[in-house]
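These protein sequences, in sequence, are chains Y and W.
Start counting the first sequence at 1; every next residue gets the next number (the working numbering).
Start counting the second sequence at 116; every next residue gets the next number (the working numbering).
Where hints are given, some of them may not hold.
[Claimed, not checked] Below, a list of computed lysine-lysine pairs in the BS3-like style, where the Cα atoms sit at most 30 Å apart:
id : chain 1 : residue 1 : chain 2 : residue 2
1  : Y       : Lys41     : W       : Lys164
2  : W       : Lys215    : Y       : Lys41
3  : Y       : Lys66     : Y       : Lys41
Everything labelled a hint here was simulated from the structure, so no lab data went into it.
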Amino acid sequence: GAVVSQHPSRVICKSGTSVKIECRSLDFQATTMFWYRQFPKQSLMLMATSNEGSKATYEQGVEKDKFLINHASLTLSTLTVTSAHPEDSSFYICSARGTGVETQYFGPGTRLLVL
Amino acid sequence: AQSVTQLDSQVPVFEEAPVELRCNYSSSVSVYLFWYVQYPNQGLQLLLKYLSGSTLVKGINGFEAEFNKSQTSFHLRKPSVHISDTAEYFCAVNEGAGNKLTFGGGTRVLVKP
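Could you build the full structure based on these sequences and the hints that come with them?
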């Protein structure tokens, strides 16, 4: 149980375009989902927390207009990187947690390369 | 605010030898503690967690960790490593089920034949 998927696993896009990444909880209802960014050989940096049906809470320094997060259902959250630039290239990982549950379960990650 | 320190950024170890990965945290309240493993180009997989009860926690793949409240530590151990244990290991803490995780910087384990 507690499986989280992400799609796509890898994406290459041109500078200025937008990219959408999906995060799905496959076998549980995820009332809260988290989006992280990870640079090479570094730890995870929390970008935002989203609760189903409400606006995401962004961490300090994360541009909410650039990284749009939608959590419209209990099994799906999306992260859209708008007007992507090469500096947005990174490994993006989502995690999901059920109501009253203390454990986050992580997706396999999405590697974004902006040319 | 909580913080997590993983004292070793890299740990080389020979196959079948024991390994210990150190994790210390700071928090003013009771915490939940986690160890995750990340294989190259993959997400994080939960190894084990401490929520309450016995301070010795056993996880998957032969790993175990011991919570020491007085030392504010949660060190991870495995008595005999395999080549397949080569990965990045992250210690993480949260201050309650409704709160976000704080991660340590990670420890890269390289198992040598």
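Checked hints:
For a cut-off of 30 Å, the pair hint linking Y:Lys41 to W:Lys164 stands: about 24 Å separates their Cα positions. A C-alpha spacing of about 22 Å is found between W:Lys215 and Y:Lys41, which places the hinted pair at or below 30 Å, so the restraint holds. Pair hint Y:Lys66 plus Y:Lys41 holds up; C-alpha atoms about 24 Å apart against a cutoff of 30 Å.
When held up to the earlier numbered hints, the structure conflicts with none and fits them all.
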